[in-house]
Amino acid sequence: MSVTLKSIVHARRMSEETNAFTATVCWNGKPVGTAKNYGTGGETIIDTSRDKEPERIAMMRWAEAQPPVTVEGFDPLPMDLELYIDGLVEADLNRKENQRLCRGHLVWALKGQTSGTFIAIKATPENINKARAWAITKYGEQIDYFLNDRIGGRA
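FYI, in our numbering the residues of the sequence shown are 700 to 854.
Source of the hints: derived by calculation from the structure; they are not laboratory data. No residue lacks a Cβ here, since even glycine has one placed at the ideal position from N, Cα and C. Just so you know, not all the hints are guaranteed correct.
[As the list claims (entries may be wrong)] Heads up, simulated DSSO-like pairs for lysine-lysine below, C-alpha to C-alpha not over 27 Å straight-line: (1) Lys795 with Lys705; (2) Lys821 with Lys837; (3) Lys810 with Lys821; (4) Lys829 with Lys810; (5) Lys810 with Lys837; (6) Lys795 with Lys829; (7) Lys751 with Lys795; (8) Lys729 with Lys751.
[Stated by the list, open to error] If you anchor each label on the Cβ, the simulated ranges turn out as follows: (9) Gly803 with Ala832: 30 to 36 Å; (10) Pro775 with Thr813: 18 to 24 Å; (11) Lys829 with Glu716: 39 to 45 Å; (12) Pro753 with Thr813: 43 to 49 Å; (13) Met713 with Gly839: 40 to 46 Å; (14) Lys795 with Asp843: 37 to 43 Å.
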């Protein structure tokens, strides 16, 4: 059993305090409703039709059984369906941003750097291995990971 999202549309220009988006909510791979957030700091609205109410209840119970969200410096936050969906949207945004960063570049993180801090050099699919060899020669054991590897190795 799982909750997934399809057809996620982000509205970056409308996102003020939260991510503005619309998406199709799926339960075990089957569409059961929609989720949306207006990006103004309010809640994520999850809509299902009346005939999908049993699925909505099952999704809520499933989400509540997931581990709590932990953020350094704060008490754990119990998981619920809204928080789970917001996490899926955030993960989708991060995936798309990482793909954008790697387009035409070799990108890597150094050990001990702040999360989301990267070094990048221009690279094409034809010369990415040469760029990787240069980065390893220059930074060696300081390299934590290559972001390109996490998105399928593309430049």
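Hints versus structure:
1. For the suggested pair Lys795 and Lys705, the alpha carbons sit about 14 Å apart, so the restraint of at most 27 Å is met.
2. Distance restraint check for Lys821 and Lys837: the Cα-Cα separation of roughly 15 Å lies within the 27 Å cut-off, and the hinted pair is therefore satisfied.
3. Using a Cα cut-off of 27 Å, the hinted pair Lys810 and Lys821 holds, with the two alpha carbons roughly 21 Å apart.
4. Restraint check: the Cα-Cα separation between Lys829 and Lys810 comes to about 22 Å, which is no more than 27 Å; the hinted pair holds.
5. Annotation: proposed proximity of Lys810 to Lys837 holds, straight-line Cα distance about 14 Å (limit 27 Å).
6. For the suggested pair Lys795 and Lys829, the alpha carbons sit about 25 Å apart, so the restraint of at most 27 Å is met.
7. Only pairs whose Cα atoms come within 27 Å are accepted, and Lys751 paired with Lys795 is rejected, the gap being roughly 31 Å.
8. Straight-line distance between C-alpha atoms of Lys729 and Lys751 comes to about 11 Å, which keeps the hinted pair within the 27 Å bound.
9. The beta-carbon spacing between Gly803 and Ala832, approximately 18 Å, falls outside the hinted interval of 30 to 36 Å.
10. At roughly 23 Å, the beta-carbon separation of Pro775 and Thr813 lies within the given 18 to 24 Å, and the hint holds.
11. For Lys829 paired with Glu716, a C-beta distance near 44 Å keeps the hint of 39 to 45 Å intact.
12. Taken as a hint, the range 43 to 49 Å holds for the pair Pro753 and Thr813, whose Cβ atoms sit roughly 44 Å apart.
13. At roughly 44 Å, the beta-carbon separation of Met713 and Gly839 lies within the given 40 to 46 Å, and the hint holds.
14. Range check, Lys795 to Asp843: Cβ separation about 22 Å, and the 37 to 43 Å hint is violated.
Consistency with the previously given hints fails for numbers 7, 9, 14, ordered from lowest to highest.
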